[in-house]
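Peer 1: Order-wise, the sequence lines are chains A and B. For the first sequence, counting from 1, position 197 maps to 197 in my numbering; every step adds exactly one. For the second sequence, counting from 1, position 85 maps to 85 in my numbering; every step adds exactly one.
Just so you know, these hints were derived from the structure itself, not from any lab. Glycine included, every Cβ here is placed at the ideal spot set by N, Cα and C. Treat the hints with caution; some may be incorrect.
What the hints assert, rightly or not - Coverage of chain B stretches by chain A, computed from C-beta distances (three or more under 8 Å per stretch; other residues unrestricted):
id, segment
1, 7 to 20
2, 55 to 66
3, 121 to 130
Said to hold, decoys possible - EDC-like, lysine to aspartate or glutamate: derived pairs with alpha carbons at most 16 Å apart:
id, chain 1, residue 1, chain 2, residue 2
4, B, K27, B, E39
5, A, K98, B, E117
6, B, K79, B, E116
7, A, K322, A, D293
8, A, K50, A, D344
9, A, K98, B, E53
Said to hold, decoys possible - Per label pair, the in silico range of CB-to-CB distance:
id, chain 1, residue 1, chain 2, residue 2, range
10, A, E203, B, G101, 42 to 50 Å
11, A, S207, B, Y46, 47 to 55 Å
12, B, E68, A, A346, 12 to 20 Å
13, A, A201, B, E68, 22 to 30 Å
14, A, S207, B, Q43, 52 to 60 Å
15, B, D96, A, G43, 24 to 32 Å
16, A, E215, B, Y61, 49 to 57 Å
17, A, T263, B, E117, 47 to 55 Å
18, A, G214, B, E117, 34 to 42 Å
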Amino acid sequence: MNNYNPSDGLMKPDRPVGIVGYGAYVPRYRIRGEEISRMWTGGTGGSPVKEKAVNGLDEDVITMSIEAARNTMLRAQINPQEIRAVWVGSESHPYAVKPTSTTVAEAIGAVPNTQAADWEFACKAGTEAMQAAIAFVGSGMARYALSIGMDTAQGRPGDALEYTAAAGGAATLIGPADESVAIINGSYSFVTDTPDFWRRAHEDYPSHGDRFTGEPAYFKHVMGASEMLMNAIGRTAADYDWAVFHQPNAKFPQRAAKSLGFTPEKIAPGLLSPRIGNTYSGSTMIGLTAILDIAKPGDRILMVSYGSGAGSDAFDLQVTEKLPEVRGRAISTEGYIARRTEIDYATYTRYRDKLKL
Amino acid sequence: MEVSRHWRLQKQRYELVGETCDSCGVKLFPPRDVCLECEAPAQELYTFTGLGEVFSYTTIYDAPAGFEHNAPYQVALIKLEEGPIVTAQLTDMALDEAYIGMPVEMVTRKLRTDGEEGMIVYGYKFRPICFEPVVN
Ligand SMILES: [Zn+2]
Chain A
1 MNNYNPSDGL
11 MKPDRPVGIV
21 GYGAYVPRYR
31 IRGEEISRMW
41 TGGTGGSPVK
51 EKAVNGLDED
61 VITMSIEAAR
71 NTMLRAQINP
81 QEIRAVWVGS
91 ESHPYAVKPT
101 STTVAEAIGA
111 VPNTQAADWE
121 FACKAGTEAM
131 QAAIAFVGSG
141 MARYALSIGM
151 DTAQGRPGDA
161 LEYTAAAGGA
171 ATLIGPADES
181 VAIINGSYSF
191 VTDTPDFWRR
201 AHEDYPSHGD
211 RFTGEPAYFK
221 HVMGASEMLM
231 NAIGRTAADY
241 DWAVFHQPNA
251 KFPQRAAKSL
261 GFTPEKIAPG
271 LLSPRIGNTY
281 SGSTMIGLTA
291 ILDIAKPGDR
301 ILMVSYGSGA
311 GSDAFDLQVT
321 EKLPEVRGRA
331 ISTEGYIARR
341 TEIDYATYTR
351 YRDKLKL
Chain B
1 MEVSRHWRLQ
11 KQRYELVGET
21 CDSCGVKLFP
31 PRDVCLECEA
41 PAQELYTFTG
51 LGEVFSYTTI
61 YDAPAGFEHN
71 APYQVALIKL
81 EEGPIVTAQL
91 TDMALDEAYI
101 GMPVEMVTRK
111 LRTDGEEGMI
121 VYGYKFRPIC
131 FEPVVN
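Chain A on its own, in the form it takes in the complex (with noise of 0.2 Å):
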């Protein structure tokens, strides 16, 4: 048993848990941040990422998390059938109900002998689906449970949040540590009522509380998170490797890093917004993945979601000898980015069903 401290809120399992594969997918799209710009302010009002990544006409979460689950099976190599636990996070479901998890759970032969569900937390609904694979295999309920963050998200036209909205995400296998990439060594969650963004029933796109999104929600909850997280397990910024942080743009993870302490150099494999913008539920795991395309044995990470609502869970991980052998297996997060086509504003609106007829 783990030395369990009610008052420090540390999550960790009794047996030792990690990431036996993961996998990531950006679908091929691109849309750049000054073709929007031309669109609503005549190309005056600049963009907070260069460009981001837009879904084609025949994807949505469900074809997304199934391509990231092939590439995570791939690398962990182990039969579908041990799997116990299909969990989509995800504030882009297909349907507004019928499960995204068990048509994933069938298209990787893992049905009909698990779990599935569909998670909804904003934008880190994939990290706490991950947080309960962590205690599905912790506990010795399963073996294996698969976690995704997928996202193919929505701006209104116009709004600010056109420029980031993007498509995406990853996905993680949780499993034993001795089989792992990268052990797990405890997470942490900070959630308070916080009405930052929100998105009522029956309505297409979001709505937001303005320049409340920043102190009192983001870094609120990142820094909160991450801090106790660090406290609780005895460690500071000098002693991670790599850091990733929630991307709902460029400059708050960027901000959110330099406050904690760490250096650009430690965040800037996992900050891929700049470059395929907000990925929503996708955003920190697909972060993780291309961390985890470059890390080296025995480097520690430490990975802080946000999801409006509000709240962060952060994780203290780090990788094993067994991880050079298995990235190579799938499909590398930074070649997904490469293959890149890019459209314009009227492409975007067809691929994206913003047209109304």
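Assemble the complex: chain A is given as a structure, and chain B with the ligand must be docked to it using the hints.
Peer 2: Just chain B with the ligand now, kept in the frame of chain A:
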């Protein structure tokens, strides 16, 4: 749209699951329970690798009902590396990219949707191979 028919086909559509012949080893897609080569019963399920090449292709401008949103798009005969030829849409590529012999890989995509209220049908399509695995 027949919900039950789509449900029966989903295993082969999501994962390219066909059959293999016990007697002569031929791989069959779609599954038909009798070997096309030796006529022995073929019942054992086989999941295809999804790798193949474009055997021929055509561009559809006048799409049938349920596919209008995708037009124009390309339909190809794909020769799978195990032998069988399947008909499928090409995706993730411009209309001038396809050529005979192009190496492609299977992806699961939305095939069609039944209006605003009906079900979304998923299945295999093929795209240019975007990755070669690194073997250690
Ligand atoms: Zn035969």
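Peer 1: Confirm or reject each hint.
Peer 2: Hint-by-hint comparison with the structure:
1. 7 to 20: Our answer is that it holds, as 4 residues pass the Cβ test (under 8 Å) against chain A, meeting three.
2. 55 to 66: Check failed, 0 qualifying residues.
3. 121 to 130: Since 3 is at least three, the answer is holds.
4. B:K27 with B:E39: The given pair, whose Cα atoms are some 13 Å apart, holds under the 16 Å limit.
5. A:K98 with B:E117: holds (13 Å)
6. B:K79 with B:E116: violated (35 Å)
7. A:K322 with A:D293: holds (12 Å)
8. A:K50 with A:D344: holds (14 Å)
9. A:K98 with B:E53: Not OK: K98 (chain A) and E53 (chain B) at ~35 Å, beyond 16 Å, violated.
10. A:E203 with B:G101: 42 to 50 Å: At roughly 48 Å between Cβ atoms, G101 (chain B) and E203 (chain A) fall inside 42 to 50 Å, so the hint holds.
11. A:S207 with B:Y46: 47 to 55 Å: holds (50 Å)
12. B:E68 with A:A346: 12 to 20 Å: The hinted range 12 to 20 Å holds for E68 (chain B) and A346 (chain A), with Cβ atoms some 18 Å apart.
13. A:A201 with B:E68: 22 to 30 Å: 29 Å Cβ-Cβ, so the 22 to 30 Å window holds.
14. A:S207 with B:Q43: 52 to 60 Å: holds (55 Å)
15. B:D96 with A:G43: 24 to 32 Å: holds (30 Å)
16. A:E215 with B:Y61: 49 to 57 Å: holds (53 Å)
17. A:T263 with B:E117: 47 to 55 Å: holds (52 Å)
18. A:G214 with B:E117: 34 to 42 Å: holds (40 Å)
When each numbered hint is compared with the structure, violations occur for hints 2, 6 and 9.
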